[in-house]
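> Read off the chains here:
Number of protein chains: 2
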Amino acid sequence: MQLNSASKEQLSQWQEELKVKHQQFKNQNLKLDLTRGKPSAQQLTLSDGLDGILKGNYKSADDTDTRNYGGLEGIAEARQLGAAILGLEQDQVLAGGSSSLTMMHQSITFAYQFGLNGTAWKDESDIKFLCPAPGYDRHFSICEDFGIEMIPVAMTETGPDMDQVESLIKADQSIKGIWCVPKYSNPTGIIYSDDTVKRIAKLGLVAAKNFRVFWDNAYAVHDLVDHPKPLANIMAACIAEGTEDSVIQFASTSKITHAGSGIAFLGASKSNLAAFKKHLGISSIGPDKVNQLRHMRLLPDINALTAHMQQHAALLKPRFDTVLKHLEANFSDNDLGEWQSPEGGYFVSFDSLPGLAKEIVRLADEVGVKLTPAGATFPYGKDPQDRNIRLSPSFPSVEDVDATMQVFVNCVKLASVGQKLAITS
Amino acid sequence: MQLNSASKEQLSQWQEELKVKHQQFKNQNLKLDLTRGKPSAQQLTLSDGLDGILKGNYKSADDTDTRNYGGLEGIAEARQLGAAILGLEQDQVLAGGSSSLTMMHQSITFAYQFGLNGTAWKDESDIKFLCPAPGYDRHFSICEDFGIEMIPVAMTETGPDMDQVESLIKADQSIKGIWCVPKYSNPTGIIYSDDTVKRIAKLGLVAAKNFRVFWDNAYAVHDLVDHPKPLANIMAACIAEGTEDSVIQFASTSKITHAGSGIAFLGASKSNLAAFKKHLGISSIGPDKVNQLRHMRLLPDINALTAHMQQHAALLKPRFDTVLKHLEANFSDNDLGEWQSPEGGYFVSFDSLPGLAKEIVRLADEVGVKLTPAGATFPYGKDPQDRNIRLSPSFPSVEDVDATMQVFVNCVKLASVGQKLAITS
Numbered sequence: 000m001q002l003n004s005a006s007k008e009q010l011s012q013w014q015e016e017l018k019v020k021h022q023q024f025k026n027q028n029l030k031l032d033l034t035r036g037k038p039s040a041q042q043l044t045l046s047d048g049l050d051g052i053l054k055g056n057y058k059s060a061d062d063t064d065t066r067n068y069g070g071l072e073g074i075a076e077a078r079q080l081g082a083a084i085l086g087l088e089q090d091q092v093l094a095g096g097s098s099s100l101t102m103m104h105q106s107i108t109f110a111y112q113f114g115l116n117g118t119a120w121k122d123e124s125d126i127k128f129l130c131p132a133p134g135y136d137r138h139f140s141i142c143e144d145f146g147i148e149m150i151p152v153a154m155t156e157t158g159p160d161m162d163q164v165e166s167l168i169k170a171d172q173s174i175k176g177i178w179c180v181p182k183y184s185n186p187t188g189i190i191y192s193d194d195t196v197k198r199i200a201k202l203g204l205v206a207a208k209n210f211r212v213f214w215d216n217a218y219a220v221h222d223l224v225d226h227p228k229p230l231a232n233i234m235a236a237c238i239a240e241g242t243e244d245s246v247i248q249f250a251s252t253s254k255i256t257h258a259g260s261g262i263a264f265l266g267a268s269k270s271n272l273a274a275f276k277k278h279l280g281i282s283s284i285g286p287d288k289v290n291q292l293r294h295m296r297l298l299p300d301i302n303a304l305t306a307h308m309q310q311h312a313a314l315l316k317p318r319f320d321t322v323l324k325h326l327e328a329n330f331s332d333n334d335l336g337e338w339q340s341p342e343g344g345y346f347v348s349f350d351s352l353p354g355l356a357k358e359i360v361r362l363a364d365e366v367g368v369k370l371t372p373a374g375a376t377f378p379y380g381k382d383p384q385d386r387n388i389r390l391s392p393s394f395p396s397v398e399d400v401d402a403t404m405q406v407f408v409n410c411v412k413l414a415s416v417g418q419k420l421a422i423t424s
Numbered sequence: 000m001q002l003n004s005a006s007k008e009q010l011s012q013w014q015e016e017l018k019v020k021h022q023q024f025k026n027q028n029l030k031l032d033l034t035r036g037k038p039s040a041q042q043l044t045l046s047d048g049l050d051g052i053l054k055g056n057y058k059s060a061d062d063t064d065t066r067n068y069g070g071l072e073g074i075a076e077a078r079q080l081g082a083a084i085l086g087l088e089q090d091q092v093l094a095g096g097s098s099s100l101t102m103m104h105q106s107i108t109f110a111y112q113f114g115l116n117g118t119a120w121k122d123e124s125d126i127k128f129l130c131p132a133p134g135y136d137r138h139f140s141i142c143e144d145f146g147i148e149m150i151p152v153a154m155t156e157t158g159p160d161m162d163q164v165e166s167l168i169k170a171d172q173s174i175k176g177i178w179c180v181p182k183y184s185n186p187t188g189i190i191y192s193d194d195t196v197k198r199i200a201k202l203g204l205v206a207a208k209n210f211r212v213f214w215d216n217a218y219a220v221h222d223l224v225d226h227p228k229p230l231a232n233i234m235a236a237c238i239a240e241g242t243e244d245s246v247i248q249f250a251s252t253s254k255i256t257h258a259g260s261g262i263a264f265l266g267a268s269k270s271n272l273a274a275f276k277k278h279l280g281i282s283s284i285g286p287d288k289v290n291q292l293r294h295m296r297l298l299p300d301i302n303a304l305t306a307h308m309q310q311h312a313a314l315l316k317p318r319f320d321t322v323l324k325h326l327e328a329n330f331s332d333n334d335l336g337e338w339q340s341p342e343g344g345y346f347v348s349f350d351s352l353p354g355l356a357k358e359i360v361r362l363a364d365e366v367g368v369k370l371t372p373a374g375a376t377f378p379y380g381k382d383p384q385d386r387n388i389r390l391s392p393s394f395p396s397v398e399d400v401d402a403t404m405q406v407f408v409n410c411v412k413l414a415s416v417g418q419k420l421a422i423t424s
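If you're matching them up, the sequences are chains A and B in order.
Following numbering that gives the first Met the number 0, the numbering of the first sequence begins with 0 at its first residue and continues without gaps.
Following numbering that gives the first Met the number 0, the numbering of the second sequence begins with 0 at its first residue and continues without gaps.
None of these hints come from the bench; they were simulated from the model.
Since we're looking at a predicted model, the values are computed, not measured.
Which copy is meant is left open, because identical chains are indistinguishable; a pair holds if it fits in one copy or across any two.
Cut-off 27 Å, straight-line C-alpha distance, at most; resulting in silico cross-link-like pairs (BS3-like, lysine-lysine):
#1 Lys369 / Lys316
#2 Lys369 / Lys276
#3 Lys277 / Lys121
#4 Lys277 / Lys381
#5 Lys121 / Lys276
#6 Lys25 / Lys357
#7 Lys381 / Lys276
#8 Lys121 / Lys208
#9 Lys369 / Lys58
#10 Lys324 / Lys18
#11 Lys30 / Lys58
#12 Lys127 / Lys276
#13 Lys277 / Lys369
#14 Lys127 / Lys277
#15 Lys277 / Lys357
#16 Lys208 / Lys277
#17 Lys201 / Lys121
#18 Lys7 / Lys18
#19 Lys30 / Lys20
#20 Lys25 / Lys369
#21 Lys228 / Lys316
When you get a sec, could you build the whole thing from the sequences and use the hints?
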């Protein structure tokens, strides 16, 4: 389907055919959902061994009774696992409750209100964050709630546009943070290049002293391929530059074990950790150590974790393949859509022709297919080109992903042809 | 031992005898600890059935797969249990993570930063809290961290001195909160009288619009007696006055099941809840629903909970009795100490003669007995009369509580006699 070389008659004929097909989908009373990066029930079942795994032994490796209060940093073996995931030492990692989003929110709350190893953001005016976009809507929501001004930065195949990032930060000391999902970025699925990691580690040399990189390594071990491209170690890069305090790292087991019931990790320099812990200890006596212990019995080390993730990959890969199959079959020979083929993570990021994302989502909704709202992947929910749609194929069955993608490609074509006809006439 | 009618010689002789005994304790190389309100291992074991209780059935009553993301308010049956504990309706309660302290901290963060159904505290100057004292040190720490000025209020046998509370609040709209532990108050163990509850419900009529009562009902079901004195329902009292928005309630299962791994509850009016949830949803996708489900399988309703708490009481009562036995045997016929005999909760609050609490704690530490630091129960850690010591007998064995109390009463006497002698000479 080459829109640019097609006659008006050809476009009208296509439009008719696509409309007929759209109506056929409508008649099927579909109820499909590709909105959220949720694991499927099959994936969750991989970790059902968690319940009952303790067999009456509630003692952690250092003989702590995990059932009682205390232990703000989490149990040692959980911190060790977090360290392995994040490429850190055990004493650079806190193992917390079930949500890394909560730890990010706490970090921002503490940095804003009290100062996290530096001046409190509230004591400065017009605080700003750099937001590589498309990105993760929940990151942006935190900024919006705090009234932190978000500056969008373009995403490239190697990570955020670092020329843009560096020049913005150099020019403006009121920029206090940048959101990064460095591996299988949400939603584009790319891995930050070694050069990007190095340049991010250098930001601490020019940024404000209370600037922090929020390094959300949510998909650190969520590979779909056997020999995944490694992500460079940000802490090692920071140490080389003397900027260890400029980065705070996050990860969790949420898409490893049970999605809402895992362990979250925060990794940082010792001075950042000390500052975080000071305020964390005001708000909590300690995390759920029993649940941490359950996780460690299920996944005692990084090798057990890797084997576990391969089982996830076996379930996820066919779903991703189905998405990509439809995109390739329909858009590889034309300019109606652009996407990347991720080697891990939870998303396929699709860019339509400019100005069509909202219309495509509306059309899909019309026939019972829920897609992530257009714009959700941009700060303030505003995609300036209205073209990005995040596809999340993990939760539905392969058959449902297939059915959804048939609808999706038809909606993309229908919207594209409609736009072309509107311009042409 | 009547210090006031004793001669100097008598005092000196007592001092000698007490010092000898103190030295004997020292020679025993004791290692005893009465500092924290932690359940004992025996108590924790009462809930060991939690692990493995799901038997592969991870569905909540409404067929939600608790293993996946979502459900910000917690599962319905957990909210129902929280409602039963707090005397509320299910839709007035959120079931959260493992820490009610975290929910209190969140409430204050949201009220301070964003406004919780009212003007944000940060937009007003010189924010203050009323702090009935002696009280819970972790409440005071939150205020201190936020730079909220704490105004101590006297505790009586019926709750905070309400004359003082009312006149302070009427005179000063910058008072934004009051901390209350209404049942088995930490540490005095008293239950707020019906009149106190009614007067607290009326505070919303005269206080600032963004004033909130932080009603930490931590010991709501933690009775030591068979027919506990009931606490009046604060929400019912507020409804009668039209002040439903003036109170936020908290509770948790931390001293019901495993101490760090339970469910926390927040209860409030619908408009307060909506405001809380708006910001909670920015910081979390939802609580650990699997753990909530485990709890509901173990404690399906309030009757199961009551039976469970009776098992706790059977373990706790001998420990409290031991503390009281020593206090009564040594101080009932003199003025060296004052205390109340709590019918529930986790503490016995002891008041020495003025100016001696620090010295008593120091003396006990000298012979290997750790007590809660003197002053900890007051704002800024400063007991103006230096006389309150919080005794927490739940964690040690009955034998250890007995040994500790032998040391304690000797330290109280030694400090008292020493003070008297210093005045006399």
